[in-house]
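K.L.:
Listed below are the residues making up each chain.
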Amino acid sequence: MTTPSLETAADPQGLRRIVIDPVSRVEGHGKVTLLLGDDNRIQQVRLHIVEFRGFERFIVGRPYWEVPVMVQRLCGICPVSHHLAATKALDRVVGGWPVPEAADKIRRLMHHGQIVQSHALHFFHLSSPDLLFGFDAAVAQRNIVGVAMAHPEAARQGVMLRKFGQEVIRITAGKRVHGTGSIPGGMNRAVDAAERDTLRAQLPQVLAWAEAAVDLAERLHTGLPDHLVGFADTPAAMMSLVGPGGAMEFYDGTLRVREADGRVAVDGFEDQRYRELIGEGVKPWTYMKFPYRLALGPDAGWYRVGPLARLQNCDFIPTPRAEARRQAFVAAQGGRPVHAVLATHWARMIELLHGVEVIAQLLDDPAILGGPLLATGERQRGGVGIIEAPRGTLIHEYEVGDDDLVTSCNLIVSTTHNNQAMNEAVRSVALQYLDGQTITEPLLNHIEVAIRAYDPCLSCATHALGQMPLAVTLRNARGEVLDHVHRSSRGDTVRGTRPHSAEAAR
Amino acid sequence: MSTANPAPAKLRVATVSLAGCFGCHMSFLDIDERLFELIEHIQFDRSPLTDIKTVGLCDIGLIEGGLCNAENVEVLRAFRANCRVLVAVGACAITGGLPALRNHLDVGDMLQAVYGTVPDDPELPLPLNKVHPIHEVVRIDHSLPGCPPSADAFWHLLQDLIAGREPAHGLIRYD
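As you go down the protein sequences, you meet chains U and V in turn.
So the first sequence is residues 1 to 506, counted in the numbering used here.
So the second sequence is residues 1001 to 1175, counted in the numbering used here.
Since the hints were derived computationally from the structure, they do not count as laboratory data.
We put the CB at the ideal spot given by N, CA and C, even for glycine.
Fair warning: there could be bad hints in the mix.
Using 25 Å as the maximum straight-line C-alpha spacing, the simulated DMTMM-like pairs for lysine to aspartate or glutamate come out as follows [to be verified]: (1) Lys175(U) - Asp1059(V); (2) Lys1010(V) - Asp1059(V); (3) Lys1010(V) - Glu167(U).
The following label-pair restraints were derived from C-beta to C-beta distances [as the list claims (entries may be wrong)]: (4) Glu1136(V) - Ala140(U): 48 to 56 Å; (5) Ala140(U) - Thr1117(V): 15 to 23 Å; (6) Asp1120(V) - Asp403(U): 34 to 42 Å; (7) His1104(V) - Gly377(U): 46 to 54 Å; (8) Asp1120(V) - Asp299(U): 41 to 49 Å; (9) Arg381(U) - Thr1117(V): 27 to 35 Å; (10) Gln205(U) - Arg1034(V): 31 to 39 Å.
Some chain V residues well away from chain U (every beta-carbon gap over 12 Å; in silico) [said to hold, decoys possible]: (11) Leu1035; (12) Asp1051; (13) Glu1071; (14) Arg1084; (15) Thr1117; (16) His1135; (17) Val1138; (18) Arg1139; (19) Gly1146; (20) His1156; (21) Gln1159; (22) Arg1165; (23) Glu1166; (24) Ala1168.
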């Protein structure tokens, strides 16, 4: 299933290097390098994460109660996911697990607001230009402004869906980005009834927009030309949390792994024991680690997380509108697992609809307005918090000393789980569209389209400082640089070799 | 630039996240439907929202995040050279922010601790020893404090610049 021959060229010296740098319309910074041999044959393709921020290290020594607020700064796009994964881990540390019903429901409300806003952002603001205009549309049009000009109603719905999700976060966390509220053992605030009512009044419209979003994603997918239906089709095992009975579950559950062929391989795996399931590998050319199933080892043990994995890993979605949409999705694939990357967008919009339905249920629940909000109990040394972030399974693990200071921290973020899957997708696309071709900007965008489908959050993937450029590099079989293509400031492709020590990539 | 002009030239705006988390970009998008009004007056150049890969000549550059590696410095200098008005957006750009918590640690030791073996590929830009705020490297025209600054702070700053006014310093928050 892996293609190690494309991960590392047999003899990289002198191959032609093409760089996509930065990968755009994703969150964070990365680059892709392609090495091409004679006749433009692909020898090596890598997605690099180029930054490192060191959160796992500088969290150590801080008081544990600072952590849920600090770790949000891993990612401004899904800060709530980090906020809640950290507090779930620290609930264990303070002996406050399970948290009281009110706190549990307010946290779930906050988290589903996060799912809605992030999925809307990804689909409408970032990915929709590729799907609406085609992969080879003009650079100037491929953005949300282009969508607003050509499809004003779709653009407006996307902006308004995201706004609704952000408002759910604001009334539960106090701020739309980097709010507070969730604390070890529970919550420090309930929901204000007047604000709750304002949100409830918007629900009929928001549900209609969410249904329309699924319609749009489904229509775009089923309208794809034949050669794109299987775009970046990379069979992979799937991992996610599931709830009781195999229900789709975003906030708390047990881990399930399904093989690429659809068989369930691992089920009911308790979150606190994740280290018995997953290991992490390191490669010298990227700051993003490579998680794998310990039972299968680093080469065969990679898997996929996120909407496409979740939708096919669960047995059902526990809300009626999204469940009907899931069944239509499964039926459209003839009941077989689908691994074609563009189907992710359709799955993502079904999840958005589910998120709105869950929000509607929770807004109807008087528990969110108050009651006991904090649980305490016997202090523990450490804890694990696992949540389904918008991009997939997110793991936080902490140990805390008797002096309340954090002594260790391990984070496996969603995009990191998808590291190998994204690299495989990029290699698949390179072979399908770039091998033997004269490389052009529209062809390079195919690579970015595949990466984008994963909605990678490259700022949290590195726990890193800053920027992810995406670059593509090509070389010949003897490792000679034949050509160098990069994009100019206007986004068009500029050709030329780049004599640089970086050419001697291992 | 005047809104009274029947066919005003749109201001070119570039945005970048250096060593930041994209939270400032998210807060900018929190202007919500006012985005559609804004794009009547501005045009995006390089930004995570577009496929333009390097910054061109622009009226305004919005910079989120501090400097953590050599590439950040290169991008910052390109913004300064190309943008008429440069705005430091958010705590990281102004002070280094939360990532600067690594400044009391040794980068080599930290990489060793996190990765076991240190990634050392030539494709990876060299990390800086410390995280720096951007004003230590280039001149800044305006700053929007906050983690992140509010959507309204972005809105009013851009409205002032579109109208050709000196930006007023309101809506400042630091949380």
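K.L.:
Could you run down the list of hints and mark each one as holding or not?
P.N.:
To see whether the hints hold, each was checked on the structure:
1. Between Lys175(U) and Asp1059(V) the CA atoms are separated by roughly 30 Å; this puts the pair beyond 25 Å, and the hint is violated.
2. Taking the CA atoms of Lys1010(V) and Asp1059(V), the gap is near 9 Å; set against the 25 Å cutoff, the hint holds.
3. With a CA separation close to 31 Å, the supplied pair Lys1010(V) and Glu167(U) exceeds the 25 Å bound.
4. For Glu1136(V) and Ala140(U), the hinted distance range of 48 to 56 Å is not satisfied, since their beta carbons lie about 35 Å from each other.
5. Between Ala140(U) and Thr1117(V) the beta carbon distance is about 43 Å. The supplied range of 15 to 23 Å is therefore violated.
6. The hinted window of 34 to 42 Å between Asp1120(V) and Asp403(U) holds, with their beta carbons roughly 36 Å apart.
7. For the hinted restraint 46 to 54 Å between His1104(V) and Gly377(U), the CB-CB distance of approximately 34 Å leaves it violated.
8. Separation of Asp1120(V) from Asp299(U) is about 22 Å and departs from the stated range, judged on CB atoms against 41 to 49 Å.
9. Checked against the hint of 27 to 35 Å, the C-beta distance between Arg381(U) and Thr1117(V) comes to roughly 28 Å, which is consistent with it.
10. A hinted range of 31 to 39 Å for the beta carbons of Gln205(U) and Arg1034(V) is inconsistent with their spacing of about 19 Å.
11. Not every CB of chain U lies more than 12 Å from the CB of Leu1035(V), the least distance being 6 Å, so the non-interface label is violated.
12. Here Asp1051(V) does not stay apart from chain U, with its beta-carbon only about 5 Å from theirs, under the 12 Å limit.
13. Here Glu1071(V) does not stay apart from chain U, with its beta-carbon only about 6 Å from theirs, under the 12 Å limit.
14. At the 12 Å boundary, the C-beta of Arg1084(V) stays outside the reach of chain U, the nearest C-beta of that chain being 16 Å off.
15. Not every Cβ of chain U is farther than 12 Å from the Cβ of Thr1117(V); the closest lies at roughly 6 Å, contradicting the non-interface assignment.
16. No Cβ of chain U comes within 12 Å of the Cβ of His1135(V); the nearest lies about 17 Å off, and the non-interface call holds.
17. Against the 12 Å criterion, Val1138(V) stays outside the reach of chain U, whose nearest CB is about 16 Å from its own CB.
18. Non-interface status of Arg1139(V) relative to chain U is upheld: no Cβ of that chain comes within 12 Å, the nearest being about 21 Å off.
19. With a closest Cβ-Cβ approach of about 9 Å to chain U, Gly1146(V) is found to fall inside the 12 Å limit, against its non-interface label.
20. Residue-level check passed: His1156(V) sits 17 Å from the nearest beta carbon of chain U, beyond 12 Å.
21. Every C-beta of chain U lies more than 12 Å from that of Gln1159(V), the closest at about 18 Å, which supports listing it as non-interface.
22. Non-interface status of Arg1165(V) relative to chain U is upheld: no Cβ of that chain comes within 12 Å, the nearest being about 24 Å off.
23. Distance check for Glu1166(V) against chain U: the nearest CB is about 27 Å away, which clears 12 Å, and the non-interface claim stands.
24. Its beta-carbon lying about 23 Å from the closest one in chain U, Ala1168(V) satisfies the requirement of being farther than 12 Å from that chain.
Checked against the numbered hints above, the structure violates hints 1, 3, 4, 5, 7, 8, 10, 11, 12, 13, 15 and 19; every other hint is satisfied.
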